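The primary structure of each chain is shown beneath.
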Amino acid sequence: MNQLERIQRSLTKKSAPHFEIGDTVRVHVKVIEGEKERIQVYEGTVIARKGSLNTETFTVRKLSYGVGVERIFPVHSPIVSKVDVVRQGRVRRAKLYYLRGKKGKFAKVEEREFVGESKPSAQSPAAKEETVTAS
Amino acid sequence: MTNGLIGKKLGMTQVFDASRLTPVTIIEAGPCRVVAIKTKELDQYEAVQLSFGEVKERKLSKSELGHLKKNQAAPSRILREFKKDGNPAVGQVVTVGMFQKGDWVDVIGISKGKGFQGVVKRHHYAGGPESHGSMFHRAPGSIGASSFPSRVWKGKTLPGHMGSERVTVQRLKVVESRSDENLLFVRGAIPGAISGLVIVRKSKKS
Numbered sequence: 000m001n002q003l004e005r006i007q008r009s010l011t012k013k014s015a016p017h018f019e020i021g022d023t024v025r026v027h028v029k030v031i032e033g034e035k036e037r038i039q040v041y042e043g044t045v046i047a048r049k050g051s052l053n054t055e056t057f058t059v060r061k062l063s064y065g066v067g068v069e070r071i072f073p074v075h076s077p078i079v080s081k082v083d084v085v086r087q088g089r090v091r092r093a094k095l096y097y098l099r100g101k102k103g104k105f106a107k108v109e110e111r112e113f114v115g116e117s118k119p120s121a122q123s124p125a126a127k128e129e130t131v132t133a134s
Numbered sequence: 000m001t002n003g004l005i006g007k008k009l010g011m012t013q014v015f016d017a018s019r020l021t022p023v024t025i026i027e028a029g030p031c032r033v034v035a036i037k038t039k040e041l042d043q044y045e046a047v048q049l050s051f052g053e054v055k056e057r058k059l060s061k062s063e064l065g066h067l068k069k070n071q072a073a074p075s076r077i078l079r080e081f082k083k084d085g086n087p088a089v090g091q092v093v094t095v096g097m098f099q100k101g102d103w104v105d106v107i108g109i110s111k112g113k114g115f116q117g118v119v120k121r122h123h124y125a126g127g128p129e130s131h132g133s134m135f136h137r138a139p140g141s142i143g144a145s146s147f148p149s150r151v152w153k154g155k156t157l158p159g160h161m162g163s164e165r166v167t168v169q170r171l172k173v174v175e176s177r178s179d180e181n182l183l184f185v186r187g188a189i190p191g192a193i194s195g196l197v198i199v200r201k202s203k204k205s
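Chains as they are written, first to last, in numbering that gives the first Met the number 0: chain H, 0 to 134; chain W, 0 to 205.
Because the hints were derived from the structure by calculation, they are not lab data.
These numbers were taken from a predicted model, which means no experiment stands behind them.
Where a beta carbon is used, it is the ideal one built from N, C-alpha and C, also for glycine.
Possibly wrong hints are sitting among the right ones.
[What the hints assert, rightly or not] A few chain H residues that face chain W, going by a derived Cβ cut-off under 8 Å, partial list only:
#, residue
1, Ile6
2, Gln7
3, Leu10
4, Ser14
5, Val28
6, Asn53
7, Thr54
8, Pro73
9, Val74
10, Pro77
11, Ile78
[What the hints assert, rightly or not] DSS-like mimics (lysine-lysine), calculated; alpha carbons at most 30 Å apart, straight line:
#, chain 1, residue 1, chain 2, residue 2
12, W, Lys37, H, Lys49
13, H, Lys12, W, Lys82
14, H, Lys12, W, Lys7
15, H, Lys13, W, Lys7
16, H, Lys49, W, Lys69
17, W, Lys69, W, Lys113
18, H, Lys13, W, Lys100
19, H, Lys12, W, Lys100
20, H, Lys13, H, Lys94
21, H, Lys29, W, Lys100
22, H, Lys49, W, Lys7
23, W, Lys172, H, Lys35
24, W, Lys172, H, Lys29
25, H, Lys13, W, Lys113
26, W, Lys82, W, Lys37
27, W, Lys113, W, Lys155
28, H, Lys81, W, Lys100
The shape of chain H in the complex, shown without the other chains (with noise of 0.2 Å):
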């Protein structure tokens, strides 16, 4: 197994992108149409990691117009070209699975180091109750 290991190494990204569960991120993305090859970004919440070493995938979530998309990528697909963290999350779990049911601020996941508007901060109490009793 430890050969299999250190060839899945091998074929991991170098400078593999850094985020966290929670993590609000924006991933370019690579798009080809026909020829040309274009960045396409996706911005939403981390809600998952899977997989280990060259085979890990995260899944982000985001709500377009009201409805629910979830898109998952592989963290070391060439296809992933950048990913930026904007906001991060406090969370205690490595799954927010939760998110799914949840609609408006129950839907969001609050902010871990600096609270800046006191909009926010005031909601996220209750939004964090609100999740731990429900998952």
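Add chain W to chain H, keeping to what the hints say.
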């Protein structure tokens, strides 16, 4: 030299080319040493015998060692014969370099043993309904007519031992070939368990 070589299945993973994800099996293939060459005059058929891997000398029997020593080969437990291709000489080494990216290969292995299995798993019988008062679930059912032939036809599919048999998967694409590490990446799955012995040869259907 030969039309193939011996290897060991290391396991499955995935690789990316420009944009697509490809499932691959990694095989540690070769290096294999030419131990003997069978000729039409001496053996009534033509073949090249290759050895793979090394073991301690004391692990081998006298007859095995004698055969290897006669050809100045390192002690090895695994010997397999391959078709002759060109003019090989005893002592030459066959490496994974014979396969390049984009080639087609056949992979032969011993499938995982499943033990004694019923007809549903072993021969894909449909089985009966599970509920609604049904008393017929996974049994084979009738195995033939009565007065004629008064016996069961040869080859009737019945429960029995499944797996642990030689399986060939034809026409797999070589995704990558690392000759410095003796590694071969083929697309898709190959028979057998991890660290099982496999034979990789040029595809018959390429």
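Each hint, compared with the structure:
no.	hint	in the structure
1	Ile6	6 Å, holds
2	Gln7	5 Å, holds
3	Leu10	6 Å, holds
4	Ser14	16 Å, violated
5	Val28	10 Å, violated
6	Asn53	6 Å, holds
7	Thr54	6 Å, holds
8	Pro73	6 Å, holds
9	Val74	11 Å, violated
10	Pro77	5 Å, holds
11	Ile78	5 Å, holds
12	W:Lys37 / H:Lys49	52 Å, violated
13	H:Lys12 / W:Lys82	41 Å, violated
14	H:Lys12 / W:Lys7	27 Å, holds
15	H:Lys13 / W:Lys7	28 Å, holds
16	H:Lys49 / W:Lys69	54 Å, violated
17	W:Lys69 / W:Lys113	40 Å, violated
18	H:Lys13 / W:Lys100	23 Å, holds
19	H:Lys12 / W:Lys100	22 Å, holds
20	H:Lys13 / H:Lys94	26 Å, holds
21	H:Lys29 / W:Lys100	25 Å, holds
22	H:Lys49 / W:Lys7	28 Å, holds
23	W:Lys172 / H:Lys35	28 Å, holds
24	W:Lys172 / H:Lys29	26 Å, holds
25	H:Lys13 / W:Lys113	41 Å, violated
26	W:Lys82 / W:Lys37	10 Å, holds
27	W:Lys113 / W:Lys155	20 Å, holds
28	H:Lys81 / W:Lys100	29 Å, holds
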